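Using the sequences and the hints, build the whole thing.
Under UniProt numbering, the first residue of the sequence shown is numbered 1, with each subsequent residue one higher.
The hints are simulated quantities; they were obtained by calculation from the structure and are not laboratory data.
This structure is a prediction, so every number in the text was calculated from the model and none was measured.
Just so it is clear, CB atoms sit at the ideal spot from N, CA and C, and this is done for glycine as well.
There's no promise every hint is true.
Stated by the list, open to error - Here are the simulated PhoX-like pairs of lysine-lysine, each with C-alpha atoms no more than 25 Å apart in a straight line:
1. Lys75 x Lys63
2. Lys78 x Lys65
3. Lys78 x Lys63
4. Lys39 x Lys102
5. Lys65 x Lys75
6. Lys78 x Lys60
Said to hold, decoys possible - Between beta-carbon pairs, the in silico distance windows are:
7. Thr23 x Ile104: 25 to 33 Å
8. Glu74 x Ile50: 13 to 21 Å
9. Ile53 x Trp26: 21 to 29 Å
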Amino acid sequence: MIPDMSKAIFMQDGAPAHTARKTQDWCRQNLPGFWEKQKWPGNSPDLNPIENIWSIVQDKIDKMKPAVNVNDLEKMLKNAWSSIDPDILERLYLGMPMRVQKFIELSGNILANRILSKCINSEVIEYFTTPQ
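See the structure below:
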């Protein structure tokens, strides 16, 4: 899906498991495109395509028979995740610069400006608006 993984970004939100020192250390050492939580707060569902993906997974899970144990739930999640059309994932990935640009365009709007200031910092805007 991503032809050049050196341009991929790995980001996390502020969940305790994501912000734990060991997790952060591992990510810094093993993920060249890792953005620490200070760079991109997890409170950005309007910009983060994972929110769309989780919604797709949830819709698929809702159509399945309820899980009776953790193993069943794990299988259901894996099935739901693996059944997502790769074209959808690619469109979400390719749409990121457009999402950021839309927020920039709406920055005159008070609500959009508040959301923008909480969701994204100037370094992130520069990354997505500078030709690669």
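Going through the hints against the structure:
no. : hint                       : verdict
1   : Lys75 x Lys63              : 14 Å, holds
2   : Lys78 x Lys65              : 15 Å, holds
3   : Lys78 x Lys63              : 14 Å, holds
4   : Lys39 x Lys102             : 20 Å, holds
5   : Lys65 x Lys75              : 12 Å, holds
6   : Lys78 x Lys60              : 11 Å, holds
7   : Thr23 x Ile104: 25 to 33 Å : 31 Å, holds
8   : Glu74 x Ile50: 13 to 21 Å  : 19 Å, holds
9   : Ile53 x Trp26: 21 to 29 Å  : 23 Å, holds
Taken one by one, the earlier hints all hold for this structure without exception.
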